[in-house]
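K.L.:
Given the coordinates of chain A, assemble chain B onto it according to the supplied hints.
Line order of the protein sequences matches chains A and B.
Residues 1 to 319 (the numbering used here) are what the first sequence spells out, left to right.
Residues 320 to 498 (the numbering used here) are what the second sequence spells out, left to right.
For the record, the hints were derived by calculation from the structure and aren't laboratory data.
You may find that some hints are simply not true.
Unchecked claim - Computed footprint of chain B on chain A; a stretch qualifies when at least three of its residues, placed anywhere within it, have a C-beta under 8 Å from a C-beta of chain B:
| hint | stretch |
| --- | --- |
| 1 | 32-39 |
| 2 | 279-286 |
As the list claims (entries may be wrong) - Sample of chain B residues at the chain A side, in silico, Cβ under 10 Å:
| hint | residue |
| --- | --- |
| 3 | V491 |
| 4 | V493 |
| 5 | S495 |
Cβ atoms here follow ideal geometry from the backbone N, Cα and C, with glycine treated the same way.
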Amino acid sequence: MTFEVGSGLSISVILATVIVVAAMLIWVERRLLSFWQERLGPNRVGPFGLLQVVADMIKIFTKEDWVPPFVDKFSFVLAPAIIMTVILLSFSVIPFAPGVGVVDSNIGVLFVLAMASLGAYSVMLAGLSSDNKYALLGSLRAAAQMISYEVFMGISILGVVALSGTFNLREIVLAQEENGWYIIPQFIGFVIFLIAGVAESHRLPFDIPEAEQEICAGYHTEYSGMKFGMFFVGEYLGLVLISSLITVLFFGGWLGPSFLPGIFWFALKSFVFIAFFILLRAAIPRPRYDQLMTYGWLFLLPVSLLNLLITGVIILSSS
Amino acid sequence: MLTLIKDTLTSQVVTLWRVFSHLWVKADTVEYPDEMPYMFPRWRGRIILSRDPDGEERCVACNLCAVACPVDCIALQKTEDEEGRWYPEFFRINFSRCIMCGFCEEACPTNAIQLTPDFEMAEYERQDMVWEKEDLLIDGTGKYHDYNFYRVAGKKIGGKDKGEARNEAVPVNVRSLLP
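In isolation and in its complexed conformation, chain B is listed as follows:
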């Protein structure tokens, strides 16, 4: 019985006091609509399509994001312009399905698709959760400022031949290697 009393005093009463002393600890709560919480730059929120430093669309419609997407919320169609650049004819993200996992961003070879620290995407109409390319495209470069896929890639497009990209050698003429 004495041990029970001792346990009560050392355990229960101490517990009560510790919990009570939280009364003068400031609450962790951020009262969200009144004050915005600090959003970390790499927060995985609303998805955008960025442009390269020249102001062209970065997306080359390779479909890797759509393949990587675990919930299949990305739909797009490839098309080509007269210079031979690939770009999406349409690019559609269904945000009512999207789980903000960021796999599309990891899969993207051209840094086109990026996740941003914006989470205020509630809509009254379910159809409004489907965003088209015009809604997704932004005018900036997003998180990667200097990257331009066509300047580093070996693909030939109008105005840039093979071998003219940055850090790239002129293609070897394989026939000239013949003995």
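In isolation and in its complexed conformation, chain A is listed as follows:
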């Protein structure tokens, strides 16, 4: 078995790495948050508290996996599986390094967007099947938020797609090798994608679907045990996914000085964005729900359309 794009070894290594990284983020997030709040964070289990993840996992696996009697059992069980599955599927088109990846799909960008849309089903099903007012409110918010922010997310990437002339994420990275990172020509697109990414993975400050202070835990109010754990890890997987997408689309993926292998640069850039998302959580308060929607439709949508228009004009006039 060789280590190339699409080989069994490659797939299993990527799957394992992605899940372990997402689990480790539990520790990374708590630690970074506490540094920004002048605390120490979990540092007692293992060196620097690294084994906190193991402890959390043992706890969450041995918890009672309770399905309340009033829920719609099928969709209740299905919902957490969906979010894990679609986000893990999205990782299949990410080019981690030359020769490392699962598929070189010609529709990579579209595939990621499609999977993100399917992710909305997870939270909707979870909220609807829970038969709980807070869960329902949470899933209503989540559905509206994810559907509207997908629009700007798609439009903001289109500038990159237009510049590189391909939907294939690997070829987008290769195009950046020739033309320089797309962060420079597509800065506005990058900012919009970043904001939409936060809303899409409903991380703070856009965690309105699961706002604890208003609606308990939102759509996963009724979940416990490993089903809750899957939502939890799914959120971190989404965080890793958005960070690696930003790296691939705007920061040249694995490109970097050649004294280190490409995968290192990819990991470093992605980690910077993961840390930035955690910083957002530490610093920015949550907006109101209508502010979020107004901001999206009345500000981000025109700006992203304008960005796309100007990009198109520049491409046409320069060719």
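P.N.:
What follows is chain B alone, placed relative to chain A:
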């Protein structure tokens, strides 16, 4: 729209930077079991019963502490020795109830009951949270070193008559004032 962009730059970005710059501020956390935090001398912690400079119990079993206690965690019984000194027959504090408010210390007329800067009082058995007089009594004077109730109080006990206390005049013979 321009104001929105300006607000974003001046408010959100500045906020992000300010929070980020806490990365190089030392954490306030005291890692407690490894290093002890500094306990202030007047910290309201574990309750003790102190002794006067002569080594006698200061407590005169007046019950004021038990009355002042908002959670009724103090129980005691007065008794007397052959010299006429009052002292508690038993003195019991239920620390699983105690809220460390310090009202008993404020109420105490003889500075007997005092709160100390010790908070490590966890027990495995609930019954072990109930402390008897032997557990509460210490060999020192606590926070007030020179105070001795019977030397300043007008009460007559064996070996000290009325009027012999410090800063005290001999009792007036009221009948001698008769015309």
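K.L.:
If a hint holds in the structure, say so; if it does not, say that too.
P.N.:
Structure-based check of each hint:
| no. | hint | result |
| --- | --- | --- |
| 1 | 32-39 | holds (count 6) |
| 2 | 279-286 | holds (count 5) |
| 3 | V491 | 67 Å, violated |
| 4 | V493 | 70 Å, violated |
| 5 | S495 | 74 Å, violated |
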